[in-house]
Amino acid sequence: DAGVIQSPRHEVTEMGQEVTLRCKPISGHDYLFWYRQTMMRGLELLIYFNNNVPIDDSGMPEDRFSAKMPNASFSTLKIQPSEPRDSAVYFCASTTRGDRETQYFGPGTRLLVL
Amino acid sequence: AQSVTQPDIHITVSEGASLELRCNYSYGATPYLFWYVQSPGQGLQLLLKYFSGDTLVQGIKGFEAEFKRSQSSFNLRKPSVHWSDAAEYFCAVGAFTGGGNKLTFGTGTQLKVEL
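Protein chains in written order, with the numbering used here: chain A, 35 to 148; chain B, 2 to 116.
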């Protein structure tokens, strides 16, 4: 069974450009989480969805960040415009209602904004 | 608000030696506690979790952790470390708000294993 899939695995962009990160959760999972990992702030929860609906976006840093989940098998995290301080590893995780405690993480997208 | 402290940023142990990684948490109610491991370039993998009941929990890869409410601790242990255990380890506390498990992570402990 495929795990959480994230693309791209690496992204290098220039300041001011739009960046879109993608996530495909494990089939049948109805919770999806976006995290950011930096040296300064560690692992932070940005937003999570349940049944494609955003439930808590209190961790989204600012209006430049937006996340969508148009269907149960796909989510995006968009940064527009990007800034050097957005450089981080972005993880997507998913889980199911019957096992809410266990989150299954994707391999992450390493973003570098120049 | 919940928080997690991992006081050791780096730990080095010899292969075959025992290991203990420290974790202290702050949470108003009965905590949901987790240990995750992250290998280089990989996502996080759940090692074990604690919700209630027996305070000594067993996980994968031979790891165990003990919940001590009086000390607000949830330390991770392994009797004999293998070179493949070299990785970064994260302790986390969870809060089920809005239905989902919102995890708050510690800053991590980087484990190096000397052969």
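Calculated from the structure, these hints are not laboratory results.
Source: prediction; values computed, not measured.
Hints should not be assumed to be uniformly reliable.
Said to hold, decoys possible - Only part of the chain A face toward chain B is listed, based on derived beta-carbon distances under 10 Å:
| hint | residue |
| --- | --- |
| 1 | A36 |
| 2 | V38 |
| 3 | M94 |
Said to hold, decoys possible - Mimicking DSSO-like on lysine-lysine, the simulated pairs with C-alpha atoms at most 30 Å apart in a straight line are:
| hint | chain 1 | residue 1 | chain 2 | residue 2 |
| --- | --- | --- | --- | --- |
| 4 | A | K102 | A | K112 |
| 5 | B | K50 | B | K103 |
| 6 | A | K112 | B | K62 |
| 7 | A | K102 | B | K103 |
| 8 | B | K103 | B | K69 |
| 9 | B | K62 | B | K113 |
| 10 | B | K69 | B | K50 |
| 11 | B | K62 | B | K103 |
| 12 | A | K112 | B | K113 |
| 13 | B | K50 | B | K62 |
| 14 | A | K58 | A | K112 |
| 15 | A | K58 | A | K102 |
| 16 | B | K103 | A | K58 |
| 17 | B | K50 | B | K113 |
| 18 | B | K69 | A | K58 |
C-beta atoms are modelled at their ideal positions from N, C-alpha and C, and glycine is treated no differently.
What are the numbers of the hints the structure violates, in ascending order?
1, 3, 6, 12, 18
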